[in-house]
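Engineer: Listed below, chain by chain, are the residues.
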Amino acid sequence: MKRLLVVLGAACFVVLLIGAMLDLAPAGIALHAAVSANLPSSGVEHPVTAVLLNFRGYDTLLEIAVLLLALIVILAVGIDSTTDVRPAASPVLQALARLAAPLMIVVAVYLLWAGAFRPGGAFQAGAVLAAAAVLLHLAELLPGWQSPGARLRLGLAGGFLIFLAVGAGLLFQGALLEYPPEQAGWMILLIESGLTVSLGLILAGLFLLLSRDDGDRS
Amino acid sequence: MMVWLILLPLLWASFAFLLGRGRGVWLAMAGLLAQLWLAYTLAEEVVASGVAMHAVGGWGAPLGIDLVADGLSAAMLLLTQCIALPLAVYARAYFKRDDPAGTYFWPLVGFLLAGLNALFLSADLFNIYVTLELLGLAAVGLVAAGGGAQQITAALRYLFATLVGSGAYLLGVALIYGAYGTVSITTLTPLITAEAPDLVWIAGGLMMAGLMLKTALFPFHFWLPPAHGGAPAPVSALLSAVVVKASFYLILRLWIGPFSSLTVAASLVVWLPALLGTLAIFWGSYQAIRAERLKMLIAYSTVAQLGYLFLIFPLLASAGALQAGIMQAFAHGLAKAAMFMAAGALIKATGQDMVAGLAGVAERMPVTLFAFGLAGITLMGLPPSAGFLAKWQLIELALSQQHWIIAFVVLVGGLLAAVYVFRVLRQAFLLAPASSVMTPVPRMLEWTAFVMAAASILLGLRGVELMQLVGVT
Amino acid sequence: MSLEFVFDLLLALAIIWSAWRSLSASRLDLAIVMFIVFGLLMALAWARLSASDIGLAEAAIGAGLTGALLLDAYGALKRRET
Amino acid sequence: MSAGLLFASVGVILFALGAAGVLLIGHLLRRILAFNVMGSGAFLVLVGLAQRNGIADPVPQAMVLTGIVVAVAATALALALVRRLYALTGKIELPQDDEG
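Order-wise, the sequence lines are chains E, L, F and C. If you're matching positions, the first sequence starts at 1 in my numbering and goes up one per residue. If you're matching positions, the second sequence starts at 1 in my numbering and goes up one per residue. If you're matching positions, the third sequence starts at 1 in my numbering and goes up one per residue. If you're matching positions, the fourth sequence starts at 1 in my numbering and goes up one per residue.
Listed next, the stretches of chain C that the computed footprint assigns to chain L, with coverage defined by at least 3 CB atoms under 8 angstroms from CB atoms of chain L:
1) 28-38
2) 41-49
3) 75-83
Which residues of chain L face chain C? A few of them, derived with a C-beta cut under 7 angstroms, are:
4) A144
5) A155
6) L163
The calculated DSS-like cross-link candidates involving lysine-lysine, where the alpha carbons are at most 30 angstroms apart (straight line), are:
7) C/K91 with F/K78
8) L/K348 with L/K96
9) E/K2 with C/K91
Worth flagging that the hints you see were computed from the coordinates, not collected in a lab. Glycine residues also receive a C-beta, built at the ideal position from the N, C-alpha and C atoms.
Could you put the whole structure together from the sequences, leaning on the hints where they help?
Structural biologist: Put into structure tokens, the structure is as follows:
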């Protein structure tokens with residue numbers, strides 16, 4: 001009964017909403033034009049990066065807070081620490097991981113640098129770093145995390161704190177995250193570099209914390 | 001200045017995390033004290049010189065994100081900081097050194113408060129989505145932290161409810177952006193008033209439904225009692241007193257702001273929230289009267305008290321309705337925080353959570369019980385409490401607009417509240433069985449609860465200032 | 001009907017199909033694999049919407065990291081059972 | 001029909017599919033999958049509908065990037081809770097009775 005109701009409701013919703021979307025007149029405001037017009041004073045050349053770190057940088061600041069928060073919640077909830085055994089990694093995978101990991105770090109740096117002009121940036125770079133960590137973990141070259149020590153915590157929160165510090169520093173001479181146009185370039189690069197490292201660590205941490213019951217096995 | 005209300009909690013939360021497990025109490029206290037001062041100064045400034053605004057990044061809407069503090073936001077900010085500081089004092093005494101639920105308490109509370117303050121200040125629909133997620137995940141984390149199977153189950157139920165709620169909200173925002181090309185509330189309001197295609201109605205419905213789910217309005221209340229009833233007392237207090245009010249605030253803000261032309265066009269729509277609110281009052285009170293566990297009783301009372309907030313929607317044509325709603329939010333916030341704090345002390349002392357096990361506490365813990373009773377007076381709406389002021393104004397407005405049914409619901413709701421409050425008090429005044437042992441609890445737990453309860457009464461005497469603040473638009 | 005539109009239409013159907021399979025597959029491991037396929041098809045859709053930034057992020061985070069998290073959780077549940 | 005509108009419609013279907021899944025599926029890992037499908041649907045609507053005239057708009061694109069990161073944070077958190085629940089109770093479903 002519930003099943004039927006939900007399915008019927010979902011179907012009606014789809015029909016109604018798609019119908020309404022087809023009827024829609026063009027939007028009155030074209031923000032992409034405003035983005036292009038202000039791109040020269042944003043400090044970067046790639047419009048998406050400009051929106052992410054300048055025009056709507058405040059969204060991104062809060063989003064990093066959400067990510068850091070999720071990691072803290074996982075630490076606070078605690079995963080069971082019973083050890084269990086997973087099949088040993090093959091030597092082929094280990095050799096592959098040793099080869100791929102440095103390469104992935106190079107790719108991350110490239111993506112970070114490229115983000116100023118073309119698709120790429122801190123998120124993609126951080127994700128690649130995290131992927132390298134996960135690969136190393138699967139190849140058993142990097143243990144799962146138990147409880148992060150002081151240095152690791154600094155790495156996890158560092159990118160967010162740099163972002164927060166730059167934003168707050170700018171508050172004293174204007175608005176939150178109001179970069180002076182001539183200095184916006186290096187400030188955004190500074191923030192993005194910090195974010196790349198921290199995002200890489202946090203995203204890797206989400207994985208390494210969840211599978212930490214494998215860490216203390218050997 | 002208002003920006004610091006967001007940055008400060010983010011800062012002390014991060015530093016508390018850097019310090020490590022169980023640390024950061026004093027950092028949090030200092031931050032909370034500063035936040036209280038900031039919120040108070042902001043409220044004074046809003047009363048003196050009107051709505052305050054901050055264009056983040058210096059761009060201004062619609063390209064950038066605006067932060068706006070009007071009377072409504074300033075009042076909610078003040079309420080949040082007023083509850084957070086005493087709660088922090090309480091929590092410090094509540095969590096023992098090695099309590100697993102307290103290990104990351106301070107960073108989580110910091111992020112929660114940052115989410116709340118950011119939500120109250122934001123004038124951008126998408127930015128509000130991010131603040132909702134920050135708030136929701138922090139709240140779920142606080143419920144789950146260090147908990148057993150019961151808490152984890154409650155946290156998962158809460159998590160899915162809050163995620164579906166923000167998902168619906170996000171789809172609404174996507175449709176709004178598609179229709180108008182902006183998500184700035186200030187820019188949108190005249191655009192929606194000028195022309196609202198069908199799509200915008202669907203968007204409005206999705207956003208409202210999502211937010212009602214997050215506010216636990218009947219029949220979306222299923223997740224609230226286990227989460228608020230199962231969490232540690234300081235967490236329950238924070239969630240019941242302010243977190244559910246955040247999504248209510250958003251409903252109100254959208255209702256009287258961008259969607260005001262829609263709600264005027266469909267006059268029957270205004271009765272839907274009021275109807276659900278009425279059902280919430282009856283169902284929540286009924287469950288509270290039946291509840292066997294003390295904290296479940298208080299949690300169901302929250303379901304009921306949230307119902308009052310939704311009774312104001314048919315009355316919003318008069319300016320006083322908004323003030324009555326915010327007064328109720330304040331009264332319930334302070335009283336419910338006090339009740340959960342008192343309950344935490346009682347549970348620690350008696351070592352159990354049943355209402356039936358409270359016999360004898362009147363004699364041994366008079367301060368705590370007095371706090372519980374004072375908070376109960378506010379919930380019932382007896383003079384001179386803030387709850388009385390809110391309910392009295394609600395009844396007056398309802399009668400002046402000939403909606404006698406609303407006045408009737410308010411009166412009956414007050415009587416039902418009296419039943420469940422007296423159920424607890426009566427039990428507490430019974431003689432303790434000879435076998436009962438009570439562990440002494442830190443004095444701080446009893447007195448912070450008392451201060452909050454007293455505040456919920458005394459606010460009734462200072463209601464004029466609050467109403468004046470809310471009136472600034 | 002242009003060739004591009006035919007491609008988009010096929011992609012759209014493939015996305016819906018993979019989403020449906022990832023929710024309805026009776027075996028959990030198959031469901032997760034279908035979800036990863038869904039993520040990769042989504043990345044393709046983002047590229048078609050000239051949003052390669054999202055495409056990159058979706059492939060790396062949406063399909064990659066989420067997929068790894070899900071598979072790891074599946075493995076943990078599986079190992080505990082035996 | 002432009003590519004934007006086509007994918008926006010796909011987004012609506014995915015959202016409805018995911019939402020129905022979250023409501024109907026008891027198994028928590030599958031419910032997390034359904035939540036992710038629902039989120040992806042909302043993201044497609046956001047970008048697709050905004051680009052229905054065929055012009056790329058970086059603003060919703062940036063919003064979706066933000067949304068994807070938030071979604072992965074929520075997913076990881078949900079998985080942590082599910083794994084904790086499984087370790088404590090051996091169950092991957094929530095009990096039916098919730099009015100206790």
